[in-house]
Every structure is written in C-alpha cells, then in structure tokens.
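Asker: Based on the sequences and whatever the hints tell you, model everything.
Going down the list, the sequences are from chains V and Z.
Using full-length UniProt numbering, you'd call the opening residue of the first sequence number 1 and step up by one each time.
Using full-length UniProt numbering, you'd call the opening residue of the second sequence number 1 and step up by one each time.
Take these hints with a grain of salt, some might be off.
[What the hints assert, rightly or not] The list that follows gives simulated cross-link-like pairs (lysine to any residue, SDA-like), each with its CA atoms no further than 25 Å apart: (1) K157(V) x T221(V); (2) K337(Z) x E422(Z); (3) K215(V) x R35(V); (4) K430(Z) x A148(V); (5) K430(Z) x E134(V); (6) K402(Z) x D270(Z); (7) K11(Z) x E422(Z); (8) K337(Z) x V130(V); (9) K11(Z) x E37(V); (10) K430(Z) x V143(Z); (11) K337(Z) x E134(V); (12) K157(V) x A438(V); (13) K73(Z) x P341(V); (14) K73(Z) x E134(V); (15) K11(Z) x G101(V); (16) K215(V) x D106(V); (17) K157(V) x P172(V); (18) K337(Z) x V142(V); (19) K293(V) x F77(Z).
By construction, these hints were calculated from the structure, which means they are not laboratory data.
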Amino acid sequence: MTTKTLPDLVPDAELTLPRQAERKLPNGLTVIAIRRESVPLVEVRLRIPFGRAPLAAATLLSQSLFTGTATMTMLDIAAELQAVGGGLAAGTDPDRLQISGNALVDGLPRTLEILAGVLTGAAYPGEEVVTERERLVDNIQVALSQPAHLARVALLKRMYLTHPYAVQTPAPEDVRAVEPEALRELHADRVRPGGAVLVLVGDIDPEQAIDVAEKTLGGWTGEARDGDIPPTPALQPGPLLLVDRPGSVQSSLRIALPALTRTDPDYAALTLANLVFGGYFSSRWVENIREDKGYTYGSHSVVEHFVAGSALLAAADVATEVTGPSLLETSYELGRIASLPPGEEELEQARRYALGTLRLGMSTQAGLAGVASVYAGFGLRLEHLREHSAALAAATREQVAEVAARHLAPSRAVIVVLGDAEKIEGQLAALTVVERSAQ
Amino acid sequence: MASRIQIPATKYPVERFTLANGLRVVLSPDRSAPVVGVAVVYDVGIRSEPEGRTGFAHLFEHLMFQGSENLEKLAHFRHVQGAGGSFNGSTHLDYTDYFEVLPAGALERALFLEADRMRGPRLTEENLRNQVDVVKEEIRVNVLNRPYGGFPWLKLPPVMFRTFPNAHDGYGSFEDLESATVADAQGFFDRYYACGNAVLSVAGDFDVAEATAMIERHFGDVPARPAPVLPDFAEPDLDGERRESYVDRIAPLPAVAAGYRVPDPIGAFDAYLPFSVLAEVLTDGDASRLVERLVQRDRSVTNVGGYLGFMGDEYQVRNPTALLLQAHMPPGGDAGKVLSTIDEELDRLAADGLQPGELERTQARMGARLLQGTDEVLGRALPMAVLELQRGRPELLNELPKLISEVTAEQIVAAAATLRPERRATVEVKPGAGA
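Answerer: Below you can see the structure in the form of structure tokens.
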C-alpha cells in the first residue's frame, strides 16, 4: 500500500468585504444595503427593538403581522409577495421583532411597498387573529412535548432567575388571553422605525436600493419607546437541576457557562477555547462522548449573544443508561480545557476553522444578510469581520488558556438534565449534588 | 395584479468528463466568492439495502467517516475543519452523498480525502460497534424521543408500498443494526462503492484545468470497478384507498399525511414536473389553496405542507415516488374530514381550473427558491452530482426555472385530477400524550 500525503492548503487571500452603503433615514430607520450579485435575488432583514414587550402579545403580534391591512387582506399580501417571487415572515426574540424574507430582485420595490403597508397599517383583523392565536397555542403545546424545548425552558429559568430573558416562550393561557386590540396597541407603541435596522443584500446597487427604501418606508414614523433590558445576572452555579420526563429514552444534558460579548478584547480567545472544548465536530467533547464512547449522536457548545449579555451553552442528548458517565466526561473535558493550554496544532486547527467559517458565512446573499443583520443588532458593521478575523489570527495559547480558566471551568457551570428521573437520578447523584425540578 | 414577472434562470457553467477508471466528474466554476463545494455521490441508498439489514445504507454512511487507507479515525473531520471547512453526508432512498464546503485554497485537500475513502474505508469491528451506538442515539433523538418522529417519511412508505425496498424503515431496527458485521460492511462497499457507481462534483472558485489535474492526481489511481446493475424498484399503483394510523405516545396533537403516486421522475419528467408545481399551488404560503381553505377558513389544521419525494428531494429521486400532503391538526382534529376537504379542493381545481395569476405567482416563488438554493456552492455541487448520476444531465439544474415557468394551467389541472382517494395512502398520528 502506497502512502499518500495530505496536500497543503493554499493560503487564503485577504478578506474582501462587498460594496455597501448605509443611510439613516429622517424617521430614524437605518438602512444598510450590500451588493452581492451572485443570483438575481434580494434578501431583506428588518430588526425592530422589542425588548420588554409583553411576551404573549409580542409573540402573537409576530404571527399576525401579515394578516391584513385596511387595503389588503391576508390573501392579497401573500399573493402579491408571491407574484414577485417574494415571501416575508416575522418572529421575535427577547430583544427584537425580526422580519425576514427575499424576492426576485426586480420585485424589491413591490416587496418594500407591501412591507411598508404592513408596518404602517397592520389591522389585526379579529377573525384572522383568532386563527393565528389558536395555531400559536397548538404550536406551543407541541413545543412543550419536545425534550429540547423543555430542557431549554428549564435552563433559561435557572440561568436568568427573575431577569426578562428567563422566560422566552409564552404560556398557552397567556396567549389565549390576548385580544386583537392589544396587538394594535402594542404595534402602535413599539413597531417604530427609531433604532430599527433594515438590511438589503443582493444583486442591487446599494445607493439605489436605499433610495427605494427611503421612498417606500419614509412614511413609517413615530417615536420608539425605550426597550432597554438590564444586564443579565452573573450565573450562579449550584446543584444540578434534574427535570423529570418519565419514559424518556435519552437524557438532555444542558450546561450554561459565562461568556463575553462580541466586542470584548478576549472574545476571540474565548471563541477558540469553546471550539477546542465542544464548539465543532473536531472538538474534544465530540471526539470523547461520540467518536470514542458512542454515548450520543451529537454534542455542541456555542456562545449565544443577546443584547443584555452573552452565555456559553453546551448541549448533548445521551442514552439514558450512560447519563452519569456522559456528565463525568463532560466535566472532565471542561476541567481539562480550564486547567491546561490547548495543544499547538489543536489550536491552529480551531483557528483555521473559525477563520474559514467566517468566509463561508459571507459567500451567499442569505449568509451575508444574516451576518450584517445580527451585527447591526449589536451596533456593529460588516467591518467587524475584519477586526474579529485579526483577533482570531492573533490569539495565543496563553490567552486561550487564560480565558478558558475564567469561563469554562466546571465549577462555573449551571447544569440542567432532563430525562427519566427514576433511571438517572442515582447516576447523577453519584457525581454531584442533584436537585429535582419543582414542576 | 402586477404584470407578469420574468423568472430568471442561472447560467452556471457545467464541464463533464469521465476518468479512465469510470468515475464521472462534473465541474461548475464560479469565481464570485473564494469558496468551493465538493460532493461525491454513490448510486446506492435505502432501497438497495438487503432484507434483514434495515438501516444499513445509513450505518455505512457513518463508517465512511471512520478512517481510510491513509487516514486515521477522526482525521477526516480534523482535516476538513482544520482547513476552515464543514462536511456532512446523508443517505437517501436512491443515493448516498458526502460533501464539504471549504475556503477555495482547500480544494485539493478535500479531493484527497474523498479519493482516499473511495479507495477503501477502515472497516473495523471497533468502529462498527461505535457507530452502531451513535446511530442508535441518532434514531432516539430524531424518532423515539421526539413527538412526530419519522412522520411521515418513515411512517407512510409501509402503507403505500408492498415490497421491501420501498416499504421498509430506512433508519433501521436496533436489532438489524446490532447484528451488522464487518463482513456485511465490506460486502456493501465492494458492491456499491465502486468508482464506476459514483459521481464527483466540484462547484465554486477554481480553475478548471487546475482542478482537472488535481482530480486526475487523486482519483486517477482508484482501481476501476464497474457499477452494479441498477435494480428496478417499480411497484403497481394502489388499487384502493389504504388508511392506517398509529399512536405516538409523546405527540400532543393529531396529524395526518397522504401520499399519491406520481409519474416516473426520470422516465416521464415532462409528466412529473407539473406535480411539483401543483404541490406548491396547494400549499405554498397563505395564498395557496389548502392553506387558505384548511388553515384560514375551516381552521381544521394548524399547518399543511405538500412536496414530492419522501425526503423532499424532488429532482433527486427515482421511480416510484409520491406527492405528499401532510397536516397537523388542533386538539380533537378529524383526519377523515381533512382528507375529504382536500378531495373537495382537488375536485374544485380539476373542475374550475386556476385563478388568474395563481400559476404565475407560484412559479415566481419557485424560481426565487431555486435561485436561493443555487447561491450556495453546495446547492450546486450536490444536485449537479445527483442529476449526473441519475440522468447524465447536471445542467438540468440551470434549466429548472425555465421548465417550471413553462408548466401550463392545463397540466396542473390534469395532475390534480389524478389525485383520487382510491389512489391514496394515508397515515394518521393519534396523540398519546394528554392533549
């Protein structure tokens, strides 16, 4: 058998950012337009600050936003968007209302006209809202039967205590109590251009696209209300929280650890430490509990950013009978990354992955629109990609070790396990103090 | 209604050649972003796995990542990700794919990795047992521990079909998975993972002459092995309605899926394509027929979807396949009533035809979705590889927007008229969790 050698990598060319333009309109809306002409489409992302909006009403508002205006029915809106190859959908997170979609590029003016009609004149017709309300309740019921959702609900409560981020899905009974009038009031109060950012990416001339946006969305006005959310509380490690799900054939292991914001000088080092621990497939955690021991189909850790704070979240769904051993290996890997610097080659591999995925993320219109829109939500612009790349390229083993010691140590962890308590409590209690969830 | 919008097509270049050992190659260069997508597809899938070995094609996909001639276990992952890229593979009814997307400078590395495992994966007892465990956890997380797991892609085929290849569970039983042997794996590799049974495709930022030389360098010495004879999986159409139901112990609400056989996606593509448009006329967005009727007007379902192919891979599937409609219902929902309303709407479409603008707007949205799909390098490399494998026509990817825009109202109406209850297989989910 001949031995073949791995070909070398051709070094990446310098990161080039696409042509873009930005303008803040007189109504307070910021418009960012980016040219990537790969396909004759345009991607649309609008983020409207929505912090501290009442949860049930905000969630239902996002589902009912396109159900009609004074001049268009729900069917008209959907059909006319479709006619230009377009589609728009809304959703919420604790910080904002987001509208996303795309259209054939020639359909951009019509898509923005329809969007403007909805932003300035969404009517929340009674019949349609009732339909959307029932659908939302049903969808929440289904979510409540999913282990991943239940584990996240328990983890958020445990992490954020009384902070507004603690509950991110409304209770069915709270949704049922929302009347159309409440949506109209919430819309009048909060669906405002001040502080909102519209991102357009595609086969467009950036300045001209902004002109179109200014012309169509200029009539959307009104003062935005302050929706600032207080900073998130520091995580309080304590007993492992065990949530019973009788009959579960797997245990959902969820861990929260402290993290840093995107602009923190140590953030690049934390990104790399996270990758080495569990942030990608070639991480220690995956190689250990999947590829060596076969305890799980997948484990993954990621830094999640909200406006009021960031957290590192780790997740694995493991076979019930190896719940204890999975926790043991996880704690071992956290302890290892927190107390020893990563290997030279191991760090280079993570670094190349981090740098490479930034480029891959920019290589489509939808990817660029996502990055630009998420960044804008934190007051950043695409240029930040250059700064972050430079920081990733420069981070040393010592910096990575130092930030890992501060953030990834198992003593910092908030741990939630959802599974069949009868079968797993003993396994977990052999390793740590376990507290059963009250629910 | 605005004047009819022009549906643009893509013009990605397509270069095809075949190496001396029989490996077919498709290249589609595009210098607009410094990334490449690499796909290798093998002409074997769930339908080809032997009886008593359910889930084997998928298990084997896992084994292809466990080391190869010149690569230790874990090396594949590390080399792709350490080059800044991502990878995956997936098992379908008619093919199995392996793919990477990487910064352009890593193209040769990806070719090396794919060629090495085409020469021979490391099929060891230890790796096999490890991946059987991993696959069992995959089935638990995606099917057993999750409400509506495997609905409808694993639940409908056994109602619709009678032969093992078409009807069996492609994820496999734990019993079959656990009894799989290294000899089974070696036999499967020898039979199906021949270079003559595969297509390599590369899309994105590369020079054709350089890439061709790299491909010769890495794949040229893979020993020639011919493709096995492609089986015919055809089955007769249903001769009467088939309805089954099962209790999902963790699902809180009822659901139903219906499937109707459609013309041969390859042998009768002209007849097949209208069904693809019909599925969108019925279910794409709030202005579509079934969403408007079932969700908005009757409120008898909370959502409804329609698509071709059990895995949603409508242009990458062979005969026999189906048009699927699936709906989730509110508490106490009545599947029979939902199905009879669907019949009513299909009758109405067949009798009264389409509304003005209805077909054009559906085609426009389909065109936009195709464009969005091809904007990714893998959105070109993967479908082009399968289109070459199954049809010898990777350029069909560029032609689809135009072909879709040429489907006529008469064809949609004729297609709708074939979706009769007596040709339908349905499976109903009865909620086992307190709703």
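Asker: Hint by hint, note whether the structure agrees.
Answerer: Outcome of the hint check:
1. K157(V) x T221(V): violated, 36 Å
2. K337(Z) x E422(Z): holds, 16 Å
3. K215(V) x R35(V): holds, 19 Å
4. K430(Z) x A148(V): holds, 22 Å
5. K430(Z) x E134(V): Status holds; Cα separation ~20 Å.
6. K402(Z) x D270(Z): At roughly 13 Å apart (the allowed maximum being 25 Å), D270(Z) and K402(Z) satisfy the hint.
7. K11(Z) x E422(Z): Given pair K11(Z), E422(Z) is violated - Cα atoms ~42 Å apart, limit 25 Å.
8. K337(Z) x V130(V): holds, 21 Å
9. K11(Z) x E37(V): holds, 13 Å
10. K430(Z) x V143(Z): holds, 16 Å
11. K337(Z) x E134(V): Holds. K337(Z) to E134(V) sits at ~19 Å (cutoff 25 Å).
12. K157(V) x A438(V): Since the Cα atoms of K157(V) and A438(V) sit roughly 12 Å apart, the hinted pair holds (cutoff 25 Å).
13. K73(Z) x P341(V): holds, 24 Å
14. K73(Z) x E134(V): The given pair, whose Cα atoms are some 50 Å apart, is violated under the 25 Å limit.
15. K11(Z) x G101(V): holds, 24 Å
16. K215(V) x D106(V): OK: K215(V) and D106(V) at ~16 Å, within 25 Å.
17. K157(V) x P172(V): Given pair K157(V), P172(V) holds - Cα atoms ~18 Å apart, limit 25 Å.
18. K337(Z) x V142(V): holds, 22 Å
19. K293(V) x F77(Z): Given pair K293(V), F77(Z) holds - Cα atoms ~17 Å apart, limit 25 Å.
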